[in-house]
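> Chains as they are written, first to last, in our numbering: chain A, -9 to 626; chain B, -9 to 626.
It should be emphasised that the hints constitute simulated quantities derived from the structure, not laboratory data. As the structure is a computational prediction, the values presented were derived from the model and not from experiment. There could be a bad hint or two in this list.
Just so you know, same-sequence chains aren't split out, so a pair can sit in one copy or run between any two.
[What the hints assert, rightly or not] In silico DSSO-like links for lysine-lysine, alpha-carbon gap of 27 Å or less: (1) 236 / 374; (2) 127 / 236; (3) 621 / 311; (4) 307 / 125; (5) 377 / 621; (6) 236 / 554; (7) 125 / 70; (8) 123 / 447; (9) 617 / 469.
Number of protein chains: 2
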Amino acid sequence: MTHDKALLSFQSALQSALQPGLQQVIQYSPMTQHLIHLEPSSSESLQSQIRRKMVESILVGSFPPGTKLPSSRKLADQLKVSRNTVLSVYQKLIEEGYIVTRERSGVFVTDNLVQGRVEVAKLPEVQVEYQQKAKYKFKSRVSSTKSTSCPSNWNSYSFPFIDGKFDVSLYPIKQWREATAKASSTQEIYHWSRQQGNGDDPMLIDEIRSKILPRRGIQASSDEILITSGAQQALHLITQLFVDNKVVVGVEEPGFPEMRELLNYQGARLVHQPIDQQGLVVDDALNQCDIVYTTPSHQTPTSITMSMERRQALLNKANEKDFLIIEDDFEFESNFLGKPHPALKSLDKGHRVIYVSCLSKVLAPGVQIAFIVADSEIINELTKLRKLLVRNPPLNNQRAVAYFLSLGYYDAYMMHLHKVFYDRWLTLREALNTYLPNCIDTGPIQGGTAYWITGPKQLDGEYLREKAAELGILIEPVKRYFASTHYPENCFRMGITSIANDKIQLGVSMLAQLIHQLTAEYEEKLTNAKGRLLSQAMLADLLPNARLECQMVYGVPCTIDLRKDGSMYGETGGMDSEVDTGRWWIENGMFYRQWNLWGYSEVKGFYVIMDGDEMKWFDENYCFVRKLELKGHVPD
Amino acid sequence: MTHDKALLSFQSALQSALQPGLQQVIQYSPMTQHLIHLEPSSSESLQSQIRRKMVESILVGSFPPGTKLPSSRKLADQLKVSRNTVLSVYQKLIEEGYIVTRERSGVFVTDNLVQGRVEVAKLPEVQVEYQQKAKYKFKSRVSSTKSTSCPSNWNSYSFPFIDGKFDVSLYPIKQWREATAKASSTQEIYHWSRQQGNGDDPMLIDEIRSKILPRRGIQASSDEILITSGAQQALHLITQLFVDNKVVVGVEEPGFPEMRELLNYQGARLVHQPIDQQGLVVDDALNQCDIVYTTPSHQTPTSITMSMERRQALLNKANEKDFLIIEDDFEFESNFLGKPHPALKSLDKGHRVIYVSCLSKVLAPGVQIAFIVADSEIINELTKLRKLLVRNPPLNNQRAVAYFLSLGYYDAYMMHLHKVFYDRWLTLREALNTYLPNCIDTGPIQGGTAYWITGPKQLDGEYLREKAAELGILIEPVKRYFASTHYPENCFRMGITSIANDKIQLGVSMLAQLIHQLTAEYEEKLTNAKGRLLSQAMLADLLPNARLECQMVYGVPCTIDLRKDGSMYGETGGMDSEVDTGRWWIENGMFYRQWNLWGYSEVKGFYVIMDGDEMKWFDENYCFVRKLELKGHVPD
């Protein structure tokens, strides 16, 4: 029966049902209304709910094949919906073949619906002998991975200072939906369902070439780009192509654990190369390497940006010693201070750099689109490998991301994300500097989405993490980033991708309290500090016109001028020098100060101890707060 | 500036622009109208076109930062669109940060738009020494794959008899769009973007458990299922877990080339096991195997369905010799004759079967969702491996497919597809039987989406493919399915997934002509045939009440009764026995017949030669058509 005929017949059956004299011939299963329970408050339309529940009932056998269904009028009455709603549902189910009409007798579940389905109950009895469960011989078993960076319920913590997880409020929902809708147009579905080969979406390749790579100074032709399902697949394909147990690979220590696991899995011999303030150390230890893996934009996990000098040195060494470089550029967008350095790939004249990036850490988790840029000879091999191992990443997602880029949403979104993360990054830095001065150290970093924090040397980072978690504060332990079992136990990481800006200050102040508790026995106290406690008179003698210098936790100096007139001027160094003014005074033997902006504009009083030129501040509980250096007098 | 403020300011700037006296202060770049070329006939709205082209112009630098843009009125005049259209575009661009308004002076491209972007032109000069292009040392290079099953421009051929490619008209566009839209709701995006771990979508797992696996008689708990990006990834993960160069794997010969390549790539030792009419041969050659890979539903490439007896034998052998079975069940939906046999997995009591399937060959190419069902211990290892190598398949697609299933569209779609393919499958069988009787052989298969065709033994399949392609007919050569270099050169494959039903008959008749041309010199002719040509009188003596028997090309017998009254009755054997009636007569020394349904109801006349009990029919060009056996007389 064709659909048209079915519809005609259906309409006639319904008309029959509408004639009062004939209504009594319509029989129906009395249980229908119990199976179809509607939720009027649901966002799903009533029509959709009815249809879905009828299909479910048919498929699970609650309405077996051949069952007579209630007339549309009866069902509408029972469900308390309009008859048109039920008519539409029935019409759709007829088109889809779930139900049929029989003239003048009503609507029925299709008889041969389950054709092609093996009915579990009717499986033939098979003469298979009694069988013991097999013992499996796994090859190349994946070594149980080190603890992941955070618990799976991270978003139930009040202060999730972790990296790489995202509060979903950042997801560009509207724009992504628009891009998805465009990629789901009839024309587009025709396009990407026709392209059933192993190629990538040419539109996405073009968008990456024109909108993303120029941000990194990279020019590439389309045969130098391969799309992958996430950066991890990119790294897998590359290691699969280049690495076996005869290959020596240089990796960063500390470094990205997932890459180290992948290389171990491939049997590579690893050279663990340290990181300094310029990034990966380039020295003769790299001479033996066939490949060096590095994260120059913001080193994982320290967030250190590789300097231009170091980039040059690494490229020169690669050329001299004939090794390849895998450049993992996964978060280039989060450069907050200064212009980002050009990618190694953009400086690479020897075609030695294999560049891996993903579209955005925020967009990525759901959609999984990443890409590789490399010499066309390498891309050609990787393409064959990808075809063998997995085929191409889903073309519907490739096209949706292509639209997301072509509509300019990616750029707009990156601008937005940059602003949000920059705000959080500054807020966290300010809070660390305010609550943990001379206690922790982050080093002078330019960006990234996490701070690598070195605490007091007696601090047990793992114990801190446990105790902080009890307070709802999530920080990240660092053990997993080290291949060596000797790792700095007083270090931990704090990320900004998942914590709202307005929670950062409170979270850090609570964490600071905890750290002070845990290390109290090792901290200098007013009562046992080396040097001399200054009396009210001594303060009044020393402080007016004094110039003091201290270190910010992020490694830059800060100069404070205490002017005679009670005003105060402060200036920090570094790439984003700040200035502030405030007032200071002496009261009850303590030095008081209040900045206009810094330190949350709070009034704070300190006992002051001098030890040579070193000045130490202690709070009202006699606890050590900060040390400064007396640098003489404010110039006139 | 907040958005609200920006909008207020924007509106005021526009109002200024509207005051006639002030209009002359609005300056604009005169090139705007050249950069924004609108296509009124496009399906994209004018507003969207204008927005997109402005964003492009801004991003590529045609409108550099700080450029003053034309007023909305001017731009509307130039582009000949309504001013509201331009106002909406400007408003959106302001919200997105691309442009800003400055009170009383107009609209400008945002100054700091390219912050965070490395400007290619301004890259620092880097002291990298002259570098020669690196020479790459690829490990585990992928051997250049055998020819693929069809050319990439397959859809430009008139008669694409190939398998696994799809005419896009089969794509369930509307339903897929609805599922995608549901998976893109705000709530859903929140859901799947929050789930940033490595787990699969629980909704999809549930749908597979409840709607797909029961079709195959399989019951599985959620820890026995893993979602993969396509079946190829599933096979890769499985081989990666179980196979190395010490492992012996039994594969089908001929068999699925991509799996053979994967196993070769992993270094496996292969046992090439033949196929007979019951499927994979189970004999002592399998005793040495650690793993056996098989495609029991419809063997690739022969489409032979493994019999129940063979399934039992294989499972018993696996248990006895302690090997695992990889069951690749990629096209279980296309079983046309009889009920499908239960999957090996459903009969497996020893947890030895690793079951791989994908959602549908038609849905798959774009969306790439497949799955593995196996013992939870295996799934657990595969999950770790997937995490290491690639992470989970995109969650947006997992959720969209889950909706596609939960809405019942998958079932409806499978019913539709089954019907479409069944029609084509019968049409092709009928055409092969009509145009190539006693010339080719497909064997008695029950389903699948391609026929494995054995031609005359002198036929060169590769040459036939070339010549057919010149006529716009695509058939598939079989070489790639064989590991051995000794393969039957007279074989080829004809698929139904990509050719419309109404093109099949013409395509086959043209192909038949070609085959006869190519093998003419080896064919019996009326002029040289063994036996005796029957005269008009002899025909009139022999034929009335004669019972004839012949073979259909698909391996079943057909009995034809020529009744005295000039009526004719035919009946075929096999799983879908058919009957037809017709009439026959003798004229000009030839036997004529016309079926009511068979043979397209054409009137056909034949010269008849008898050789013992063997009867041979030759057409009006003296060419051999068919041989039959004289089986005596029609019983009264």
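> Each hint: holds or not?
Against the structure, the hints come out as follows:
no. : hint      : verdict
1   : 236 / 374 : both (23 Å within a copy, 25 Å between copies)
2   : 127 / 236 : both (25 Å within a copy, 12 Å between copies)
3   : 621 / 311 : neither (49 Å within a copy, 84 Å between copies)
4   : 307 / 125 : between (49 Å within a copy, 16 Å between copies)
5   : 377 / 621 : neither (66 Å within a copy, 55 Å between copies)
6   : 236 / 554 : neither (70 Å within a copy, 84 Å between copies)
7   : 125 / 70  : neither (57 Å within a copy, 75 Å between copies)
8   : 123 / 447 : neither (53 Å within a copy, 47 Å between copies)
9   : 617 / 469 : neither (30 Å within a copy, 80 Å between copies)
Hint violations for this structure: numbers 3, 5, 6, 7, 8 and 9, all remaining hints satisfied.
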